[in-house]
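Asker: Chain order of the listed sequences is A and B. Okay, so the first sequence: first residue is 951 according to the numbering used here, each after it adds one. Okay, so the second sequence: first residue is 185 according to the numbering used here, each after it adds one.
No lab work stands behind these hints, which were simulated from the structure alone. Note that the Cβ used here is the ideal one computed from N, Cα and C, for glycine as well. Careful, some of the hints might be misleading.
[Unchecked claim] One-sided and incomplete, this derived list gives chain B residues near chain A with beta-carbon spacing under 8 Å: (1) D200; (2) E242; (3) G267; (4) S271; (5) K283; (6) L304; (7) N305; (8) K309; (9) E313; (10) R314.
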Amino acid sequence: MTDDAVEISSLSWEYRLVAAVVYAVEQRAGGAAAGARTRWNGRLVEEQDPDFVGSAEEDGSLSVSVAHVLEPLRRARDLDRPLTDDEAWELRDAFATLTHEAAHLLARFGDPDAPDAHPFDDASEADNEGRTEHWTHRNLDAVVLAVFPDAGLEHAQEAVLSQVNDDAYAAYTTAARQLDQALAERSGLTSAEVTQKLMCADDVQRWNVAVDLVIDERLGKPGLMPEAHRAEVREALIAPLRASLADLVAVEADESLSDDEKSAESEQAAQNAIAGLDHELDRIERRYRVEKAQRAQQQAGRPGTRRTQAVRQAQDRLSPDLERLRAVTSGQAPAAGATSRSAEAVDHAQQGPNDGSRGRQAPGRASGPRGPGVG
Amino acid sequence: MVRYDDVDAQVLSQADALRGADEATVAAEVDRLKALAEQIDDERDRRLALIRAAKLPELINGAPAPTSPEFARASMLLAQVLGNKGSAADQIAHAERVKTEIAELSRQAPPRESRTILRLNSTLKRLIERRRREAADDGS
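Looking at chain A on its own, in the form it has when it is part of the complex:
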């Protein structure tokens, strides 16, 4: 924000209206109890550039165009007749701008140097704008109803609620909605809960928060994933999401594609993101489940190991005559004995902390006691 910004007085009607919008956005996002606090610093400034309607600023200020946003609101307040259709639409549009920008303030940027931070790139921007627009669309009526009565705009409520405003980020909104729905189905949350969590997440942490929802449900709760693996698993799950959203931006940027083709590609990008997430999630879950099964088998094999040792001790105590008899009746007793010893040797090796063959050897150990030389 420039140093010559014109600040709007906190005593003005416009300031109180915008402050009420910010508060309504926080409440609609779950309120302070749910961690839904904006980073608004209390400053409202006039947008000086006529090419901008308003924006959530880096420093936490809100900038608003007087001509595009505040004047339509003021005119509606002062009307002593019902709003025309165009006036009601203009009022709703101005309010959508305020609500969308206030909703952006629900998120902090976060520490870009944190080890698990993700760069806020084209994929992140598309995801963020799509979700913010989607949230605004769902919640705009509620914000209107929360703010209008105290702002002297109660007479305009019905007219404004009856209007439908356009989706400025249609391509990205579809993708963000589909992604949130997919995350909801895989995490046990509702789609609205997912949307609100991601709206309030730091910009550079949003991908982590998104995949943590499914990691916790699918890999954490069943006790499959050691916590130390989280960073690696996150990366595997985030990669297809980011790649698909970046593809979506590339499709939107392509001058050779028609609107219909872009719309179809947009749907496809969202489906690719979800398919990629599922593929990675299934692969990782399968790996952990196999490892878990192997560990369980290994655990089951341990009493067997003790039995093997007990049998060996018993063998050592056999009389020489019985040993000879066993060798004759088993035919291949020496080979069987060799196998048994070999299993025992691996068993000891398996107890080393870094032996990757640990799980795979468990069945061998379990079969030891049933070897022909022992029966």
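Since chain A is already given, all that's left is putting chain B on it; use the hints.
Answerer: Relative to chain A, chain B alone:
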């Protein structure tokens, strides 16, 4: 006793639950929600709830996208800036050029799409500020 908030909560939950549902199913749900809204005692809240219930199809399908060629071009120009993998200075310069072009497109567009187009520039403003900060951080 039914309140406006009860109707609103059901509208939103059904907006998620009925994604992909056929028109007849959605229409039947709108009728049910309107019947629920009719039970609100307060006349003003009842009228507002009826308006809200009628919005279910739009909340299921998403808000309509603008249809003008000016919007299509503005949306494409924005995506080209977002996808710019150049340096911070390069992307900022690109964003500055495009925000002027988008503003011009908004002036040429049908009135109801004009401000929707101009809203795209808010993304560019945030991007420019962020990239400036990142460039400053890198230089410090």
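Asker: Work down the list of hints and note, for each, if the structure agrees.
Answerer: Status of the hints after comparison with the structure:
1. Checking D200(B) against chain A: minimum C-beta separation of about 4 Å stays under 8 Å; hint holds.
2. Among the interface hints, the one on E242(B) holds; its C-beta lies about 6 Å from the nearest C-beta in chain A, closer than the 8 Å criterion.
3. Taking 8 Å as the C-beta cut-off, the interface hint given for G267(B) holds, the closest approach to chain A being about 5 Å.
4. A hinted interface residue such as S271(B) counts as satisfied when its beta carbon comes closer than 8 Å to some beta carbon of chain A; here the least separation is about 14 Å, so the hint is violated.
5. For the restraint placing K283(B) at the interface with chain A, the shortest Cβ-Cβ distance is roughly 5 Å, inside the 8 Å limit, so the hint holds.
6. Taking 8 Å as the C-beta cut-off, the interface hint given for L304(B) holds, the closest approach to chain A being about 6 Å.
7. Nearest Cβ of chain A to the Cβ of N305(B): about 5 Å, under the 8 Å cut. The hint holds.
8. A least Cβ separation of about 5 Å between K309(B) and chain A falls short of the 8 Å threshold, and the interface hint therefore holds.
9. Given the 8 Å rule on beta carbons, the hint for E313(B) holds: about 5 Å separates it from the nearest Cβ of chain A.
10. At about 7 Å, the closest approach between the beta carbon of R314(B) and any beta carbon in chain A falls short of 8 Å, and the interface hint on this residue holds.
Figure legend: structure checked against the earlier numbered hints; the only hint not met is number 4.
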